[in-house]
Amino acid sequence: MTAAPRPTMADVAAAAGVSRALVSIVIRGAAGASESTRARVLDVARDLGYRPDTRARLLRSSRTRLLGVVFNVTEPFHAELVELLYVAGGARGYAVTLSATGPRRSEQKAMESLLDLGVEAAIVISPATPAARLAGTPVPVVAMLDAPGGPRAGVVSSVHTDEAAGIRLAIRHLRGLGHRHIAHLDGGEAVGSAARRLAYAQAMAAEGVPPLIFHGGPLESDGSRAARELLAAMGARAGTGHDTREGTAKGRAAGAPTAVVVFNDRSALGALDTFRTAGLDVPGGLSVVGYDNSRMARLEHINLTSIGQDGQALAEAAVAAAVDRIAGGPVREAVVSPWLEPGGTTAAPTPPGS
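In terms of the working numbering, the sequence shown opens at residue 26 and continues consecutively.
To be clear, the hints were calculated from the coordinates, so they are not data collected in a lab.
Cβ coordinates follow ideal geometry from the N, Cα and C atoms, glycine included.
It is possible that some hints are incorrect.
Ranges between beta-carbon positions, derived for each pair [what the hints assert, rightly or not]: (1) G127 x G309: 31 to 39 angstroms; (2) R130 x L67: 54 to 62 angstroms; (3) A160 x P235: 36 to 44 angstroms; (4) S246 x D68: 38 to 46 angstroms.
Required output: the full structure, derived from the provided sequences and hints.
Encoded structure:
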């Protein structure tokens, strides 16, 4: 079955009994049409299903007013940011187009697709591309959620959460509940992992407690693997092998962790699954804090305590930086403050032997 042809401006003009030029005036919102004529033309356009060809109009003006966004299709928090970037871009008169990365699609390929569409600037969420290559991109680039002080800092504009402040909030929350020995399941080589790992180590040093770091990553499987290593270490400390139920509260050795801060929510979900499968009560046997306060973390059956990132502020800052660079502005950095969202995975530690 052949699809019906898309209504044109000429179709609207014929149906409304006015000139095509007058329809153009109405559609553009320009002066030159009476209110009654404007209302009639808009009614006809709506009835016909007419939609302006925005791309053609922008191309004629030699501007696309199009912002490209590179995001990881497997990251839930990226999807939340994409929604907010659409809103932030629209508020500044820019459309947003997407190009996804994933296990079989590189960041470079995603960027090339955006350039083919004629974007005026690109926002890359959690970039992995080397600084020199990003700097050589023919349009301005904004690195969103990039590692603070990393290799791209000062080379392209960046927008990120204060990673160190987020980790400090997590440690402060756990210390306030009475936890002293707190482990960290890090993000491995993921963007932002080094900053969070360093902040954790510094926070523990300030408390006079040795850091306990397990190599993880950004995925559920990474969190699960790191959690198994943590459980093995807890069992070994308590002299109970891998019997985690005896090696946490009842038989917990001195210095064994009673809480853990995980690199992100996805990794934390994998860790939670491993802990609970092993028979370890969360938060009774071990408190868990994630990072991102993603939609998954807020699901009632998960209810993860997590560090929240202000998605709206991040999106608005990223779009502002992109628009400023399009206008010839300098490379700049914007830092957004995080907060802690309490959930059901943290509580006061269970006293040993109880």
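In ascending order, which of the hints set out earlier in this document are inconsistent with the structure? 2 and 4
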